[in-house]
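Peer 1: Here's the letter readout for the chains.
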Amino acid sequence: MTEEIQVPAASQATKNRETFALACGFAGWLVPGLGHALQKMWGRAIIFFITVGVLVLIGAGMRGNVFNSDGGDAFASLGYLADLGAGSFYLLAKKVEPNGADVSRAGGDYGTRFLAAAGVLNLLSALHAYEAARGRKG
Amino acid sequence: MLFFALVISVAFGFLSRRRPLDRVKYMLWSLFLFLLVGIGIGWAMYPFSR
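Chains Y and C are the protein sequences, given in the same order. Position one of the first sequence corresponds to residue -17 (our numbering), numbered consecutively onward. Position one of the second sequence corresponds to residue 6 (our numbering), numbered consecutively onward.
Just so you know, the hints here were simulated from the structure itself, not pulled from any lab data. Note that the Cβ used here is the ideal one computed from N, Cα and C, for glycine as well. Treat the hints with caution; some may be incorrect.
[As the list claims (entries may be wrong)] Computed list of lysine to any residue pairs in SDA-like fashion (alpha-carbon distance at most 20 Å, straight line): (1) Y:LYS76 <-> Y:LYS22; (2) Y:LYS22 <-> C:ARG24; (3) Y:LYS22 <-> C:VAL42; (4) Y:LYS(-3) <-> Y:LYS77; (5) C:LYS30 <-> C:TYR51; (6) Y:LYS22 <-> Y:SER51; (7) Y:LYS22 <-> C:SER21; (8) Y:LYS22 <-> Y:ASP91; (9) C:LYS30 <-> C:ALA49; (10) Y:LYS(-3) <-> C:PHE8; (11) Y:LYS76 <-> Y:VAL102; (12) Y:LYS22 <-> C:PRO25; (13) Y:LYS77 <-> Y:ASP52; (14) Y:LYS22 <-> Y:GLU0; (15) Y:LYS76 <-> Y:LEU39; (16) Y:LYS77 <-> Y:ASP91; (17) Y:LYS22 <-> C:LYS30; (18) Y:LYS77 <-> Y:TYR62; (19) Y:LYS22 <-> Y:ALA5; (20) Y:LYS77 <-> Y:VAL13; (21) Y:LYS76 <-> Y:SER51; (22) C:LYS30 <-> Y:GLY25; (23) Y:LYS22 <-> Y:ALA(-8); (24) Y:LYS22 <-> C:LEU38; (25) Y:LYS22 <-> C:PHE8; (26) Y:LYS77 <-> Y:SER51; (27) Y:LYS77 <-> Y:ALA56.
[Unchecked claim] Simulated restraints, written as ranges between beta carbons of each label pair: (28) C:VAL42 <-> Y:GLY25: 26 to 32 Å; (29) Y:PRO(-10) <-> C:LEU41: 54 to 60 Å; (30) C:PRO25 <-> Y:LEU66: 31 to 37 Å; (31) Y:VAL78 <-> C:ARG22: 29 to 35 Å; (32) Y:LEU66 <-> C:ILE44: 18 to 24 Å; (33) Y:ARG116 <-> C:ARG24: 18 to 24 Å; (34) C:TRP48 <-> Y:PHE8: 21 to 27 Å; (35) C:TRP48 <-> Y:SER51: 17 to 23 Å.
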């Protein structure tokens, strides 16, 4: 009888945990570090917010290419996916760059890499937040 | 390149290690490898740059 009661309770707890983990992953993607902040991992939350933010600001400040969804080739599409990884900071990058990209200079080319790295780093961070919420990582 | 390597190394250190000392060790090792590979690839391309 006891087992019959405990099994649904455990199942519900697992379901709640999975929902919380998904929310952490999504929040971590939307705002860098938020997924860790929800789990009170303050150090990681601050570091990811700062590192992704700095990479985006410098990349956009160097007039790197912020890719759009209407990319002409596979590289532009991959660049868009990488940039989109920065979540809300993707929109910030667009705001910082009112004159658009200038990849005719080396600085603009470096800026493009900074923006892509920020996006991919934020995806890694969001994935880590998701895994940590599921209890797989410390 | 140095700044990029530094920022990414700090993020990797916090991402993959939990204890502060382990994080610092990982950051330094990661930074060293970033610079080594970057400079190494730069020199590897040198013969084809002219």
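Peer 1: Would you check the hint for Y:LYS22 and Y:SER51, treating anything up to 20 Å between C-alpha atoms as holding?
Peer 2: Violated. Y:LYS22 to Y:SER51 sits at ~34 Å, over the 20 Å cutoff.
Peer 1: Check the hint pairing Y:LYS22 with Y:GLU0 against an upper bound of 20 Å on the C-alpha distance.
Peer 2: 17 Å, holds
Peer 1: Using the beta carbons of Y:VAL78 and C:ARG22, state whether their distance is inside 29 to 35 Å or not.
Peer 2: 32 Å, holds
Peer 1: Hint check: Y:LYS22 vs Y:ALA5, CA-CA at most 20 Å. Holds or violated?
Peer 2: 14 Å, holds
Peer 1: Holds or violated: Y:LYS22 with C:SER21, Cα cutoff 20 Å?
Peer 2: Given pair Y:LYS22, C:SER21 holds - Cα atoms ~17 Å apart, limit 20 Å.
Peer 1: Given the hinted pair Y:LYS76 and Y:VAL102, is their Cα-Cα distance within 20 Å?
Peer 2: It holds: about 17 Å lies between the C-alpha atoms, which stays within 20 Å.
Peer 1: Is the straight-line distance between the alpha-carbon of Y:LYS22 and that of Y:ALA(-8) 20 Å or less?
Peer 2: 24 Å, violated
Peer 1: Are the Cα atoms of Y:LYS76 and Y:LEU39 separated by 20 Å or less?
Peer 2: 10 Å, holds
Peer 1: Given the hint that Y:LYS77 pairs with Y:ALA56, test it: the Cα-Cα distance must not exceed 20 Å.
Peer 2: It is violated: about 25 Å lies between the C-alpha atoms, which goes past 20 Å.
Peer 1: Between the alpha carbons of Y:LYS(-3) and Y:LYS77, is the straight-line distance 20 Å or under?
Peer 2: 39 Å, violated
Peer 1: Can you confirm whether the C-alpha distance between Y:LYS76 and Y:LYS22 stays at or below 20 Å?
Peer 2: 30 Å, violated
Peer 1: Take the C-alpha atoms of Y:LYS77 and Y:TYR62, compute the straight-line distance between them, and say whether it is at most 20 Å.
Peer 2: At roughly 16 Å apart (the allowed maximum being 20 Å), Y:TYR62 and Y:LYS77 satisfy the hint.
In terms of the numbered hints stated before, the structure departs from hints 1, 3, 4, 5, 6, 8, 9, 10, 17, 23, 24, 25, 27, 32, 34, 35, listed from lowest to highest.
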